[in-house]
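Peer 1: Using the sequences and the accompanying hints, generate a full structural model.
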Amino acid sequence: MKTERQIAPHTAEMAITYILVFSAAMCLSAAGAVNPGFVVRLTQTGLDYARQQGMSVLQQELAKVHIPDFSGSGHSPLGKMKYSFNSMAIRSFQLPSSQISPVPKVGLKLSISGAFINIVGKFRIKTKYRFITPKGNFNLKVKGLSISVGLKLGSDGSGRPTIALSDCSCHISDVKVHVSGKYGWLINVFHHYVDKALRKDIEKKICPVVKNAITKNLEPLLQTLPVTAKIDSVAAIDYSLTGPPPVAGDCVDVQLKGEFFELAHHTPPPFSPPTLSLPVDHSLMVYFGVSDYLFNTAGFVYHTTGKLVFNVTDNMIPKDYNIRLNTSSFGTLIPQLSKMYPNMLMKLRISTTSAPFLDIKPGNLSISPKMDIQAYVILPNASLAPVFLLNLTTSALAKVSVRSGRIVGNLELTRVQMDLKHSDVGPFSVLILNAAVNYYISHLLLPQVNEILNKGYPLPLLDHVQLTDVVLQPHENYLLFGANVHYGKTEESNWLTEL
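Going by the working numbering, the residue at position 87 of the sequence shown is 343; the numbering climbs one at a time, nothing skipped.
Calculated directly from the structure, the hints in this document are not laboratory data. Among the hints, erroneous ones may be present.
If you anchor each label on the Cβ, the simulated ranges turn out as follows [said to hold, decoys possible]:
1) Ser353 with Asp457: 18 to 28 Å
2) Tyr695 with Gly619: 27 to 37 Å
3) Asp457 with His522: 51 to 61 Å
4) Gln479 with Lys336: 19 to 29 Å
Where is the CB? At the ideal position from N, CA and C, for every residue including glycine.
Peer 2: So, in structure tokens, the structure goes:
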């Protein structure tokens, strides 16, 4: 569902921020020896969106630039005279042509050409003849104003993006002054003085506005890009840049670490991310390449911290299910069990034997976690007596969705294979437990897992950035999804795009 684009009034600095926000914050590219686990690509379409959203605001806000009074002197047929221009105001500021594009190995370039400014104000001229003191209103048209802004992209020691003004220049090609009254011809005498003074003053005003926008608005906005996203009390995601961000080509990529880590011990996993090569597609504004490394580091962290352990007891089983979790019910399948422990409740402890890895292939996402099921009898003193241990090899299809800026998931069980690993009640065929174990896994364990996956992982987005028109595609070793971008303070939508 598309959200309505809304832009609130902002200062001149925020107007420029609108133009540069996506191109500077989401289009960083980091090259280095370390492969990223997460890649964000901003296309020219995305850059154009940023430009389009900013230009109308910039046009309004630059029109508020204050031009101070100025005065001077010149020679005329009437002798030396002094002139002054005051009460100047910009009536209109038109920016008909603009472009923003990546500059290889540097950053970004914002170019505005053919800008037009219409300035009105009052003038006064003093000559040596006291009876000749022309004054009145003037209208000044500045044509052919061009502005060029260069931005250098970088990253700091914490992996946060940085941005700095690399160059800024302004040029005015033509200035025309029209004054009211019969002494307008006098203005033509010192027109070049006015031209030079106004050119210099306007050109001095523009670049400081740009620099101020970067320092006070754009840099703090970039700091809202999360380099660490806390998931729960156990883990967080490292979204820091993998290195300095050079830019190349007609689109730019941000390469992030994209790695789950344990909050208590931030140590790297014993495997590395694969190389990601995003396909060339510029139909949407932004593309995200999410490596299987991101998901697999999540499995590694939660497995090593012992959080992938689930307990099943009889009170969790619906009353209408005929195989209860007690020795009487299981005794019909394993007679020796009910003989050794008559009429006692049981408990199952389900845990992963290794970190579960998500396998991403074109057109398919699957996961095959290996688990142990340790069955216990709950003794009258509440202690647990182990009775048998099953080894499970399972397969599940994974569905991935994007909802409100988060990657959410859901698993559908497709296969369960069991082997008897150890028995304290004598040998038995695991086939007799097939129905019960499948029920416990699909109706009790899987809903718990899906409840966790449905909470999702946050995407690394700036404040007030929303995604629309999301499409998802699985590729070899990574998940690609593209989206259009909306920037603005709007109510959060509950749209969902699912693969």
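Peer 1: 27 to 37 Å was suggested as the range; check whether the CB atoms of Tyr695 and Gly619 agree with it.
Peer 2: holds, 30 Å
Peer 1: Do Ser353 and Asp457 keep their Cβ atoms within the hinted range of 18 to 28 Å?
Peer 2: holds, 23 Å
Peer 1: Check the following: the C-beta atoms of Gln479 and Lys336 are separated by a distance inside 19 to 29 Å.
Peer 2: violated, 56 Å
Peer 1: Within 51 to 61 Å: is that where the Cβ-Cβ distance between Asp457 and His522 falls?
Peer 2: Holds, at about 54 Å.
Hint 4 from the earlier list is the only one contradicted by this structure; the remaining hints agree with it.
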